[in-house]
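J.: Now for the letters of each chain:
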Amino acid sequence: MKYLVSVIDQNTGLATPAEMAAIDVFNDRLLAEGHWVCAGGLEAPHTATVIDNRRGEAIVTDGPYVETKEYLAGFWVIEAADLDVALKLAAEGSKSCNRKVEVRPFLGFVGK
Amino acid sequence: MSGNEAQAAVTEAHREEWARVVSALARRFGSLDVAEEAAAEAFAAAVARWPADGVPPNPGAWLTTTAKRKALDWIRRESKRGGKQQLAQMLSDGDPSEPVELIGDERLRLIFTCCHPALALEARVALALRLVAGLTMAEIAHAFLVQESTMGQRITRAKAKIRVARIPYRTPAAEDLPRRVSGVLEVLFLVFNEGYLATGPGQAQHRLGATGPQAGVAPKRDARRIGPAQSQPRPGSRAGARARNDPIRPGLTAAAIRLTRLVRSLMPEDGEVAGLLALMLLTEARRAARVAPNGELVPLGEQDRRAWDAALLAEGHQLVRERLAAGVAPGRYQILAAINAVHTSAPQPNETAWRKIVALYDQLLRLDPSPIVALNRAVAVAELEGPEVALAAIAPLQDALAGYHLYHATRAELLRRLGRNQQARAAYDRAIALAGNIAETAYLTRRRGQLLTPAAVSQQSQPPHGEHHVHVP
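From first to last, the protein sequence lines stand for chains S and L. Read in order, the letters of the first sequence correspond to residues 0 to 111 in numbering that gives the first Met the number 0. Read in order, the letters of the second sequence correspond to residues 0 to 472 in numbering that gives the first Met the number 0.
No lab work stands behind these hints: they were computed from the structure. Here the structure is a predicted model, which is why all the values come from computation and not from measurement. Be aware that one or more of the hints could be misleading.
[To be verified] Away from chain S, derived, C-beta distances all over 12 Å, residues of chain L:
{"#": "1", "residue": "50"}
{"#": "2", "residue": "119"}
{"#": "3", "residue": "146"}
{"#": "4", "residue": "164"}
{"#": "5", "residue": "292"}
{"#": "6", "residue": "307"}
{"#": "7", "residue": "349"}
{"#": "8", "residue": "387"}
{"#": "9", "residue": "437"}
[Said to hold, decoys possible] Mimicking SDA-like on lysine to any residue, the simulated pairs with C-alpha atoms at most 20 Å apart in a straight line are:
{"#": "10", "chain 1": "S", "residue 1": "87", "chain 2": "L", "residue 2": "117"}
{"#": "11", "chain 1": "S", "residue 1": "87", "chain 2": "L", "residue 2": "167"}
{"#": "12", "chain 1": "S", "residue 1": "87", "chain 2": "L", "residue 2": "172"}
{"#": "13", "chain 1": "S", "residue 1": "68", "chain 2": "S", "residue 2": "42"}
{"#": "14", "chain 1": "S", "residue 1": "87", "chain 2": "L", "residue 2": "181"}
{"#": "15", "chain 1": "S", "residue 1": "87", "chain 2": "L", "residue 2": "164"}
{"#": "16", "chain 1": "S", "residue 1": "1", "chain 2": "L", "residue 2": "163"}
{"#": "17", "chain 1": "S", "residue 1": "87", "chain 2": "L", "residue 2": "162"}
{"#": "18", "chain 1": "L", "residue 1": "160", "chain 2": "S", "residue 2": "3"}
No residue lacks a Cβ here, since even glycine has one placed at the ideal position from N, Cα and C.
With the hints as constraints, model all of the structure from the sequences given.
T.: What follows is the structure, given as structure tokens:
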């Protein structure tokens, strides 16, 4: 079972060196225990571009699709047997990156 | 066998066996939907057949076997209809002829799953009442003043989350157990409180213990619920069920006590489970004395103590003594039970051991330094050191408890006793505006009225025992 662990930020900015180190330790643990699928960190929301090509004519707009105080700053995709396992890992993840996280099950996942 | 006897047997089986049947089926088929559906069908079959066929020698086994057969029928029907692989898997998963009842007691798993912290509190309450206590959707909807369809949707969504997000069907690991148990107790206590002092429509504040037998129990994070903000999702502020006019909903207190007894039988070593059961019993024991024939709330100090239920009191006191003898540092429910034990041990209100009560509140404040606990402590302090000291003690709570009716009610009583009638009246006004329970409103309105009459003057000259105790009725 795969879960998306979204990292939620509130203008805290980039991770500090101490946070980065803690995240590395957590990532190593995910790898070692077979929970690792993939992970990534995102640039700030103001670097986002929205494209709408539903009608075959791509309309490009600057900025995130919705302005919010809280935004997605990064994510992990983890493999866990059930929600209790996922929540335990997510709690560790939240501690390591020093931010709130949200855990959500995947309906489908394509990748390795 | 008469129809009445059979009906009584079904009722008893429902009370004793419902959770066992649901939990055994949930374990066997890995689906709460199937378990609930099949258990309901099995009990319907009992209603239809027991009057004619007689009550089976082992009703629980009969119900479980019947439910299993219903579940298999249902799954076969569903999988034929929609080619649902998942359902087909349930069938192939293990031997269908395997006797479900041999799996053992699964009820604890069911309870922990229904009360999982990843579910919203109101969903946990609904699931526990439906799947563990066996209340019907209509009963739960009525108790929480919501439409049956709304309650049905709430339960369906919660079950869907359990399934899709894979909330596991198991008892928590030892290291998580205390936290998870306190989550279960929170659900049980909310059910009890809602039955004990029902909130009316449009009253978003004071849920979760704030109106309860001891307001101090509201967990810290729920303190915000006391505020005037209407932001909390509240089970049932809209519906027009007649329950809004029942100040007490005995069905809910009974369900809460039954569930807590069940949890206690499954976790006999847990002190907080025992504490919560004692707290409920000592509170329930006073039910008959709590509301006057005219529908008005009767505060503890004015209750007819002969109307208290002696058997419930004895059981509650016994549990409190057991916990004291255990010599383990008590948690909040045990302390609250002890406070109630002191109150209910006094033959007359003026014989209450207030010093003990203040000491217990001090202990509670160390665990939970919340303004509500401080408010309750101040009420006891008034008995020991007078209303002036108590008034000074609650002054710092004003900001935190501005939207909480019992803060204003307590203040009003203290001001009354100091003869500051004009301020008392303003405080009653505020309390009445905020109170959500009609019995409380009636009581507060009468108290305010007494400020205007000469009778109020003579009442003030009486010893002020107990009359302040609006929050421990």
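J.: Taking the hints in turn, state whether each one holds.
T.: Right, here's what the structure says about each hint:
no.	hint	verdict
1	50	44 Å, holds
2	119	15 Å, holds
3	146	29 Å, holds
4	164	5 Å, violated
5	292	51 Å, holds
6	307	43 Å, holds
7	349	52 Å, holds
8	387	46 Å, holds
9	437	41 Å, holds
10	S:87 x L:117	12 Å, holds
11	S:87 x L:167	13 Å, holds
12	S:87 x L:172	12 Å, holds
13	S:68 x S:42	15 Å, holds
14	S:87 x L:181	18 Å, holds
15	S:87 x L:164	14 Å, holds
16	S:1 x L:163	11 Å, holds
17	S:87 x L:162	18 Å, holds
18	L:160 x S:3	15 Å, holds
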